[in-house]
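**Student:** Please build the complete structure, drawing on both the sequences and the hints.
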Amino acid sequence: MAENLKLDVHQEDDEEHVLLDLDAVSGQVDIPPNAPYVLSGLDTLNPLLIIDDKIKLIGEYEETIGTCFVFSEDEAAPVVHEETGPSEANLFSGKCIIDPNHAPRKQVKPIARLHKILKFRLLLDDDAQDEVVGQTG
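Note that the numbering used here has the sequence shown beginning at 1, numbered continuously upward.
Simulated from the structure, these hints should not be mistaken for laboratory data.
All C-beta atoms, glycine included, are put in the ideal place defined by N, C-alpha and C.
Derived DSSO-like pairs (lysine-lysine); straight-line CA-CA distance at most 30 Å:
#1 Lys119 with Lys109
#2 Lys54 with Lys116
#3 Lys116 with Lys106
#4 Lys106 with Lys119
#5 Lys56 with Lys116
#6 Lys56 with Lys119
#7 Lys119 with Lys54
Computed Cβ-Cβ distance ranges for the label pairs, DEER-style:
#8 His115 with Leu39: 14 to 20 Å
#9 Glu73 with Asp125: 35 to 41 Å
#10 Glu75 with Pro33: 15 to 21 Å
**Tutor:** Quick look at the structure:
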């Protein structure tokens, strides 16, 4: 089990993963799936995210406490019980039964680890003025 949780420790040292957190805006705007986006200013304190040339968001980095792990999730095969032995009480002899009491299983696989979260919020007119002044000054 421990082998499954290990990540490749031989990753490039200059590679850094950042989680884009859109929770603060998810209730305020409707972000269409597969919408084109432009993410700029990752090396600044407040990166910009423009989604579908309409939605403008400003981000702020937040350090994590410890290391966050990112996982992918896939459906795992259901647990199947096969009745093989004869029994007077066994009405399903030789049949496969999927136990309805077991919840669907998920298989998770580690993808990356990260130390920063980039939290986004809607870009207001005041923020845009500050951003222009900050970049020119």
